[in-house]
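Peer 1: In order, the protein sequences belong to chains A and B.
Each residue of the first sequence is one higher than the one before, counting from 1 in this note's numbering.
Each residue of the second sequence is one higher than the one before, counting from 1 in this note's numbering.
Be careful, since some hints might not be right.
Said to hold, decoys possible - Coverage of chain B stretches by chain A, computed from C-beta distances (three or more under 8 angstroms per stretch; other residues unrestricted):
#1 50 to 63
#2 91 to 102
Claimed, not checked - Simulated pairs of lysine to any residue, SDA-like, Cα-Cα distance not exceeding 25 angstroms:
#3 B:61 <-> A:295
#4 B:100 <-> A:48
#5 A:123 <-> A:47
#6 A:147 <-> B:60
#7 A:226 <-> B:60
#8 A:41 <-> B:95
#9 A:226 <-> B:61
#10 B:61 <-> A:160
#11 B:61 <-> A:257
#12 A:160 <-> B:32
#13 A:226 <-> B:4
#14 B:100 <-> A:257
#15 A:41 <-> B:60
#16 A:179 <-> A:257
What the hints contain is simulated information worked out from the structure, not anything from laboratory work.
Glycine included, C-beta positions come from ideal geometry on N, C-alpha and C.
What follows is the residue order along each chain.
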Amino acid sequence: MASLKDLQNRIKSVKNTQKITKAMQMVAAAKLRKAQEFAVKSRPYSDRIAAVIANLSASMAGSEGAPKLLVGTGSDNVQLLVVATSDRGLCGGFNTNIVRKAREEITALQAAGKTVKLFCIGKKGHDQLTRLYGELIVEYVSLKEHKTLNATIAAELGGKITSMFDAGEFDVCKLLFSKFENVMTQTPTIKTMIPALVDTSEGEVAGPDLGGAAYEYEPDEEGILKVLLPRNINTQIFSALLENSAGEMGSKMTAMDNATRSAGDMIDKLTLTFNRTRQAQITSDLIEIISGAEAL
Amino acid sequence: MADKLQFSLVSPEAELFSGLVDQVDVPGTEGDFGVLPDHAPFMAAIRTGAITVFNDGVETKYMIQGGFADVMPSGLTILAEQCTPLSDLSAEALAEDITKAEQALAAAEGDDSLDAAQHLDGLKLVQGTL
Numbered sequence: 001m002a003s004l005k006d007l008q009n010r011i012k013s014v015k016n017t018q019k020i021t022k023a024m025q026m027v028a029a030a031k032l033r034k035a036q037e038f039a040v041k042s043r044p045y046s047d048r049i050a051a052v053i054a055n056l057s058a059s060m061a062g063s064e065g066a067p068k069l070l071v072g073t074g075s076d077n078v079q080l081l082v083v084a085t086s087d088r089g090l091c092g093g094f095n096t097n098i099v100r101k102a103r104e105e106i107t108a109l110q111a112a113g114k115t116v117k118l119f120c121i122g123k124k125g126h127d128q129l130t131r132l133y134g135e136l137i138v139e140y141v142s143l144k145e146h147k148t149l150n151a152t153i154a155a156e157l158g159g160k161i162t163s164m165f166d167a168g169e170f171d172v173c174k175l176l177f178s179k180f181e182n183v184m185t186q187t188p189t190i191k192t193m194i195p196a197l198v199d200t201s202e203g204e205v206a207g208p209d210l211g212g213a214a215y216e217y218e219p220d221e222e223g224i225l226k227v228l229l230p231r232n233i234n235t236q237i238f239s240a241l242l243e244n245s246a247g248e249m250g251s252k253m254t255a256m257d258n259a260t261r262s263a264g265d266m267i268d269k270l271t272l273t274f275n276r277t278r279q280a281q282i283t284s285d286l287i288e289i290i291s292g293a294e295a296l
Numbered sequence: 001m002a003d004k005l006q007f008s009l010v011s012p013e014a015e016l017f018s019g020l021v022d023q024v025d026v027p028g029t030e031g032d033f034g035v036l037p038d039h040a041p042f043m044a045a046i047r048t049g050a051i052t053v054f055n056d057g058v059e060t061k062y063m064i065q066g067g068f069a070d071v072m073p074s075g076l077t078i079l080a081e082q083c084t085p086l087s088d089l090s091a092e093a094l095a096e097d098i099t100k101a102e103q104a105l106a107a108a109e110g111d112d113s114l115d116a117a118q119h120l121d122g123l124k125l126v127q128g129t130l
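With these hints in hand, go ahead and build the complete structure from the sequences.
Peer 2: What follows is the structure, given as structure tokens:
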């Protein structure tokens, strides 16, 4: 049986932990609101750019000179997986879920005889993947030194990927991130970035109604696509990073909420034990005094 | 509404403007162009410069650095790479950008130097309107 002093110390330490988790939960809640706002704000841009590309690719798809970024290299032997995770831990299963999804994808691709290369964004995913697939990682970028996410960071990452593609280092590029559904659920998602040819089977991105008029381009379609496609990659990375940061905060908030509650439960239990022990001690003290008095 | 143009200006970070206007002047890579309601479907790349939005006799200017203008029967959408309302733009920041652009121009070769020169010209034009 632990002594009263020991119990007191434990209660105190759990209380301190609870204070920390509570503070972290509140910080995450505040950051979540901001991250969500950013994610919502960036949506019109990515929606529009997707619509424009769908529109352009419909007219370019059949032609010979279509850019490789749009139609791919014609093979899918070397696949680059861009795994976006967070830089900080203590956010529940957030990173583990993304890594698990990545692992499934890697196993499936390797079973199909493809070569897999990994591009890690974020420290946590990198740490977990290094253990299993250290030799597959070709790039690793941590976003730790950037306080806020902005389009410039995404453009840098996108530039790296595009130049790797131009150098013929891979044929297909897939982006792995966590889609922010709501505070409780984040779904790890895989999105194919290169080739950018929009899957028309979804049916959502039907061409715009032009009222019978022909679309004009200035400069020509190819000139526009040449600039637009790399930008589309940047945009997709940017929105993935924003979704990730919202998801990370949501996940952290839930995790810290749980931790705070568990700490509360633990304090209750320890306080009960503390009081019981104290009463037992008083009782035994009394019995000693009374039996001492009776003996006289 | 045949006499108003649905115009939206979006950058990766935010939607800067969305609403009905009379006319929008856009600096295209092949030359400036104005968009009025019922413009023919049209898509153009944008160079660095100022977008002017005309509405009810009021002119609003935005500084834009790269992007696309997409004119559709439903209206005009500008996908800007970087965009700031001219009223929020500080002369110092712009001067800094110009110095950077000059350095980039000095370092650039071939086709890049053309782009760099165009970028610098656009920045200087905007500086002139401030």
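Peer 1: Given the proposed pairing of residue 160 of chain A with residue 32 of chain B, does the C-alpha separation stay at or below 25 angstroms?
Peer 2: Between residue 160 of chain A and residue 32 of chain B the Cα gap is close to 32 angstroms, so the pair fails against 25 angstroms, i.e. violated.
Peer 1: Verify this for me: three or more residues of the segment 91 to 102 of chain B with a beta carbon less than 8 angstroms from a beta carbon of chain A.
Peer 2: violated (count 0)
Peer 1: Is the hinted pair residue 61 of chain B and residue 160 of chain A satisfied, with a Cα-Cα distance of at most 25 angstroms?
Peer 2: violated (34 angstroms)
Peer 1: Just to be careful, I want the Cα atoms of residue 226 of chain A and residue 61 of chain B compared with a cutoff of 25 angstroms; is the pair within it?
Peer 2: Between residue 226 of chain A and residue 61 of chain B the Cα gap is close to 28 angstroms, so the pair fails against 25 angstroms, i.e. violated.
Peer 1: Within 25 angstroms, alpha carbon to alpha carbon, are residue 179 of chain A and residue 257 of chain A?
Peer 2: Cα-Cα ~21 angstroms, so holds.
Peer 1: So is the segment 50 to 63 of chain B in contact with chain A by the C-beta rule, three or more residues under 8 angstroms, or is the coverage claim wrong?
Peer 2: violated (count 0)
Peer 1: Quickly compare the C-alpha distance for residue 226 of chain A and residue 60 of chain B to 25 angstroms and report which way the hint goes.
Peer 2: violated (31 angstroms)
Peer 1: Under the criterion that the straight-line Cα-Cα distance not exceed 25 angstroms, is the pair residue 226 of chain A, residue 4 of chain B satisfied?
Peer 2: violated (32 angstroms)
Peer 1: Check whether the Cα positions of residue 147 of chain A and residue 60 of chain B lie no farther apart than 25 angstroms.
Peer 2: violated (32 angstroms)
Peer 1: Would the hint linking residue 100 of chain B and residue 257 of chain A be met if the CA-CA limit is 25 angstroms?
Peer 2: violated (47 angstroms)
Peer 1: Mind checking the alpha carbons of residue 123 of chain A and residue 47 of chain A for me, to see if they're no more than 25 angstroms apart?
Peer 2: Roughly 29 angstroms between the alpha carbons, so the hint for residue 123 of chain A and residue 47 of chain A is violated.
Peer 1: Holds or violated: residue 61 of chain B and residue 295 of chain A, Cα atoms, limit 25 angstroms.
Peer 2: violated (101 angstroms)
Violated hints, listed in ascending order, are 1, 2, 3, 4, 5, 6, 7, 8, 9, 10, 11, 12, 13, 14; each of the other numbered hints is respected by the structure.
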